[in-house]
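Trainee: One letter stands for each residue in the lines below.
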Amino acid sequence: MSVESSELHRSQFMRDVMAETPDGERLVRCLQCGSCGGSCPNGPDMDYTPRAIFAMISANRRDDVLKSNTMWCCVSCYLCTVRCPQEIPITETMYTLKRMAIREGRATDGDAPALARTFTSFVEKYGRSFELGIATRYLMLNKPMSMLKSAGMGMGMFARGRLALRPTKIRQTEQLQAIINKARDISKQDIGSGGAS
Amino acid sequence: MKYAYYPGCSLETNSASYDVSARAVMEKVGLRLDELDDWNCCGATEYFTQDELVATSVIARNLALVDDDHDQLVAPCAACYLNLKKVDHLMCSHAAMNAKINQALSAGGLQYKAGRVQIRHLLDVLYHDVGEAALKAQVVQPLNGLRVAAYYGCQVVRPLDGFDNPEYPMKMDEMFAWLGAEVVDYPVKAHCCGGHLTQLSEAMSFELIRRLLQSADDYRADLILTMCPMCQLNLDAYQGRVNNYFNTQFRLPIVYFTQLLGVALGIDMKKLGFGKELVAAEPVIRAKLEGQTAGASA
Chain L
1 MSVESSELHR SQFMRDVMAE TPDGERLVRC LQCGSCGGSC PNGPDMDYTP RAIFAMISAN
61 RRDDVLKSNT MWCCVSCYLC TVRCPQEIPI TETMYTLKRM AIREGRATDG DAPALARTFT
121 SFVEKYGRSF ELGIATRYLM LNKPMSMLKS AGMGMGMFAR GRLALRPTKI RQTEQLQAII
181 NKARDISKQD IGSGGAS
Chain D
1001 MKYAYYPGCS LETNSASYDV SARAVMEKVG LRLDELDDWN CCGATEYFTQ DELVATSVIA
1061 RNLALVDDDH DQLVAPCAAC YLNLKKVDHL MCSHAAMNAK INQALSAGGL QYKAGRVQIR
1121 HLLDVLYHDV GEAALKAQVV QPLNGLRVAA YYGCQVVRPL DGFDNPEYPM KMDEMFAWLG
1181 AEVVDYPVKA HCCGGHLTQL SEAMSFELIR RLLQSADDYR ADLILTMCPM CQLNLDAYQG
1241 RVNNYFNTQF RLPIVYFTQL LGVALGIDMK KLGFGKELVA AEPVIRAKLE GQTAGASA
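Chain order of the listed sequences is L and D.
Under the working numbering, think of the first position of the first sequence as 1, with each following residue one higher.
Under the working numbering, think of the first position of the second sequence as 1001, with each following residue one higher.
Hints in this document: simulated from the structure, not taken from any laboratory.
Glycine included, each C-beta is placed from N, C-alpha and C at the ideal position.
One or more of the hints may lead you astray.
[Said to hold, decoys possible] Computed cross-link-like contacts, DSSO-like style, restricted to lysine-lysine with a CA-CA straight-line distance of at most 30 Å:
#	chain 1	residue 1	chain 2	residue 2
1	D	Lys1271	D	Lys1002
2	L	Lys169	D	Lys1002
3	L	Lys169	D	Lys1288
4	D	Lys1002	D	Lys1270
5	L	Lys125	L	Lys169
6	L	Lys125	D	Lys1136
7	D	Lys1113	L	Lys169
8	D	Lys1002	L	Lys182
9	L	Lys169	L	Lys67
10	D	Lys1136	D	Lys1270
11	L	Lys143	L	Lys125
12	L	Lys169	D	Lys1136
13	L	Lys188	D	Lys1113
[What the hints assert, rightly or not] Residues from chain D that keep clear of chain L, each with C-beta distances beyond 12 Å, as calculated:
#	residue
14	Gly1008
15	Arg1023
16	Gly1153
In isolation and in its complexed conformation, chain L is listed as follows (with noise of 0.2 Å):
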């Protein structure tokens, strides 16, 4: 069968995550063989493995892709990238599912979209990351309990003058803050349209 004649039987699902995804189209290679959840480092931890999530995927089962854990334990190490016979980009299609649970509102674990929205947001604004801000401020609002575990360490990575307790900005905050604006926009146009790469 061509890829052409294939494509006909392409799920919605498929076609969305593989428009999101540079090099997505290589996702209708799969071949279920499983090097990829056998790569990772958190594969016992997932609710399906990647080549489970490949066949879902196929099977337009949306919902259940997207409320799994499986994108949300991936921590971009890239082995099942590099390991993958049909060379698909596995590790840049969790952060596709990852957008697509945060934008259609079914991220089921909501501390590393908290995470995420944290860091960035102290980027946007200086320029830098600003790990003293972004630590307190996520943990505070996520996981206060586990503010006193991070206590001890934290001293101690003051005391070495690991931890700066203001951020540094650039110059040029207006210029970086006009390029992420501008990116955004043509994004929201492209996911409107279906289209992003």
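With chain L's structure known, arrange chain D on it following the hints.
Mentor: Leaving out everything else, chain D in the frame of chain L:
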């Protein structure tokens, strides 16, 4: 030889010892690092979780800032290195992406010509551009007697075709063998430290860290060499909590490869950022090197 230098946010404070040792070593071997003016955070993995075009455009601003006097950009941090490299690669291979990123950049009056800047990791530069003969010739304090585990982590060696093997890299092993160290087998050398997972799940992240410490301990390494701020943070700063969690007694110093390279080249340890680790490295290194060629690091 001169390179544009992208230190990345971690190297400003948390991993300042990587920054000072990288600069000291490069100066010692006669290579120039010119810090990129007004660089911004690469966003690590956190923008990719939210918006791909924002993620890539934020990174691309740094590529666009590299002036005409430089065609190579050196990054010591694994996440920064991969992000810079990934965006250049995407822009070279995906015309639509290239156009959109440049469209976003132009809102800030910038443009980047895909492929113009070559992104290099610091290890690659020291291994290839300085090389075995020149490094060996400059050794003042051989590292004989010191058993080191060379830990590469993920994002320097994967996923893009790079300067070393994506699953069993060897360049750092070779370099420290040149310097006289005993480089132990370290089967988990390119396994993941968990990255930001320590902020999300103790159970998952601590197990990844434990495996890395356990393997180095099994092979009787005196210390672990790293080339990534996130790896150093997870293995060093979290080592105490990992010990509590698993009831283990690991006490392994985690040192940037540039710090120990600096020791071999005879740079004073005070100028290499030692003492900032939570598990002290200096006493271990001094004890093992005692009786070796006198001078240099004392």
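Trainee: State for each hint whether it applies.
Mentor: Results for each hint:
no.	hint	verdict
1	D:Lys1271 <-> D:Lys1002	holds, 22 Å
2	L:Lys169 <-> D:Lys1002	holds, 26 Å
3	L:Lys169 <-> D:Lys1288	violated, 42 Å
4	D:Lys1002 <-> D:Lys1270	holds, 26 Å
5	L:Lys125 <-> L:Lys169	holds, 8 Å
6	L:Lys125 <-> D:Lys1136	violated, 46 Å
7	D:Lys1113 <-> L:Lys169	holds, 27 Å
8	D:Lys1002 <-> L:Lys182	violated, 34 Å
9	L:Lys169 <-> L:Lys67	violated, 37 Å
10	D:Lys1136 <-> D:Lys1270	holds, 22 Å
11	L:Lys143 <-> L:Lys125	holds, 24 Å
12	L:Lys169 <-> D:Lys1136	violated, 41 Å
13	L:Lys188 <-> D:Lys1113	holds, 25 Å
14	Gly1008	violated, 9 Å
15	Arg1023	holds, 17 Å
16	Gly1153	violated, 8 Å
Figure legend: structure checked against the earlier numbered hints; hints not met, in rising order: 3, 6, 8, 9, 12, 14 and 16.
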